[in-house]
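Going by the numbering used here, the final residue of the sequence shown carries number 1139, and the count climbs one at a time with no gaps.
There could be a bad hint or two in this list.
What the hints assert, rightly or not - Computed Cβ-Cβ distance ranges for the label pairs, DEER-style:
#: 1; residue 1: K932; residue 2: K840; range: 16 to 22 Å
#: 2; residue 1: D1100; residue 2: R1018; range: 38 to 44 Å
#: 3; residue 1: E1071; residue 2: R821; range: 20 to 26 Å
#: 4; residue 1: S904; residue 2: R824; range: 37 to 43 Å
#: 5; residue 1: G930; residue 2: I967; range: 36 to 42 Å
#: 6; residue 1: E979; residue 2: E881; range: 24 to 30 Å
#: 7; residue 1: H767; residue 2: K847; range: 22 to 28 Å
#: 8; residue 1: S907; residue 2: N843; range: 22 to 28 Å
#: 9; residue 1: W969; residue 2: E1071; range: 46 to 52 Å
#: 10; residue 1: E817; residue 2: N843; range: 53 to 59 Å
#: 11; residue 1: S907; residue 2: E884; range: 14 to 20 Å
Claimed, not checked - Result set (BS3-like, lysine-lysine): computed pairs, CA atoms no more than 30 Å apart in a straight line:
#: 12; residue 1: K840; residue 2: K1105
#: 13; residue 1: K977; residue 2: K1105
#: 14; residue 1: K750; residue 2: K1105
#: 15; residue 1: K811; residue 2: K840
#: 16; residue 1: K932; residue 2: K885
#: 17; residue 1: K866; residue 2: K885
#: 18; residue 1: K948; residue 2: K932
FYI, nobody ran anything at the bench for these hints, they're computed from the structure. From the three backbone atoms N, C-alpha and C, an ideal C-beta is built for every residue, glycine too.
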Amino acid sequence: MNDSPITRPDFADPSFLKRHILDTVRFYAPRCIDHVNGGYINCFLDDGTVCDYETKHLVGMTRFIYTFSAALLVGGPEKYRGAVEHGLRFLRECQWDHEHGGYFWTLKGRNPVDKRKLAYGNAFALLAASTALKAGIPTARAVIGEVYEVLEKHFWNEQDGLYADEASRDWSDVSPYRGQNANMHLTEAMMAAYEATGEKRYLDRAYTLAHSVMFKLLPLSGQLIWEHYTADWGIDWNYNKGNNKDEFRPYGYIFGHSIEWAKLLLLLNRVCPQAWLVPQAERLFREAVDKGLDRQHGGIFYSMSPEDGRIIDSDKRYWVMAETIGAAALLAEGTGQPEYRKFYEDIFGYCWTHFVDHTYGAWYQLLDASNRKYNSIKSPPPKTDYHPITNCITAISVWETAAGKSF
């Protein structure tokens, strides 16, 4: 790695952020390229040893397409173009359901083993294709439109202004479960599709989703985002109760999602300015940090009980810290208040000390409350360090603009 863990770099220096992105991608490349089954290998230990050759998770697959595309956007080597095209081919040839449409959730090698269709996975397919198109991969354009049509036909509900979450392979059975998480990432993906194509329907959809979550869902749960809902979008306080570790549907108030929504509202305000967006983002961020900040060991706790405000999961997860970096940078830009610049420096410094692996590269996935690792699995199938990379890109856009440049 280029930077010593002893030396604290300038976290607001765009050249550092670009270098950190490329250093992170280099942990995965080229070892993640699967020359046997196609696509990418999804699971790695701290030193880069492969821990699972066969699992192909839709989220992990699409996030790799995103990360290689992002690397191209910040000046990464031209060979990453081939890595993006390699992933897009596998996505289309193997992960896509050629009989019923949509993407399989999980494969083993080239064989589908979990054939469900999830809006969350399609969100990342849309994000991946949009970022690939921005990086100059023309074949990605068709994927954007195709994913949008799948979402429109099978998940979208005009009356709700939100997407359903899960369907069976042939779309005959739509789960009554509703979740904010898929809608959050679809907001992100729709903004990316708009930036890539210039088509206003994607921006309109992103705005509708954000407005629905903030004005229909958030008032039901108070000052923080709740995760789980019934088919008519009433809060389900008991869904997955006691299961704090579910990768995609955890129980409790997840501080990182309120912070991530703050970031998305601020990004939306850049392209669709509205008077409510910045104040709402600031309220969400401050509420989550006030309740979730670990003032003893640093970082943000994972989750809080809705019943009594207890911290029910004190672990530190890489993605929560990364989203806090992006949100703090945007709040510094959007409000002009120096406290957010300081918070950005502090949280990045915490991550630099505890989450960034200065020996092998990339970020550790999970630490306990005292910032100790549980195991040597750095990157299980859904991870791929998309969160640190996308938030470094967000930070670059802030600090380059502040310096009078345009990223």
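Consistency of the hints with the structure:
1. K932 to K840: 16 to 22 Å: violated, 40 Å
2. D1100 to R1018: 38 to 44 Å: Since the Cβ atoms of D1100 and R1018 sit about 26 Å apart, the hinted range of 38 to 44 Å is violated.
3. E1071 to R821: 20 to 26 Å: Roughly 47 Å apart at Cβ, these two residues miss the hinted range, so it is violated.
4. S904 to R824: 37 to 43 Å: About 24 Å separates the Cβ atoms of S904 and R824, which means 37 to 43 Å is violated.
5. G930 to I967: 36 to 42 Å: Check passed, 37 Å falls within 36 to 42 Å.
6. E979 to E881: 24 to 30 Å: Check passed, 27 Å falls within 24 to 30 Å.
7. H767 to K847: 22 to 28 Å: holds, 26 Å
8. S907 to N843: 22 to 28 Å: Holds, at about 24 Å.
9. W969 to E1071: 46 to 52 Å: This hint is violated: roughly 34 Å between Cβ atoms.
10. E817 to N843: 53 to 59 Å: Violated, at about 23 Å.
11. S907 to E884: 14 to 20 Å: holds, 18 Å
12. K840 to K1105: OK: K840 and K1105 at ~28 Å, within 30 Å.
13. K977 to K1105: holds, 16 Å
14. K750 to K1105: holds, 27 Å
15. K811 to K840: This hinted pair holds, its Cα atoms lying about 27 Å apart.
16. K932 to K885: holds, 19 Å
17. K866 to K885: holds, 26 Å
18. K948 to K932: holds, 23 Å
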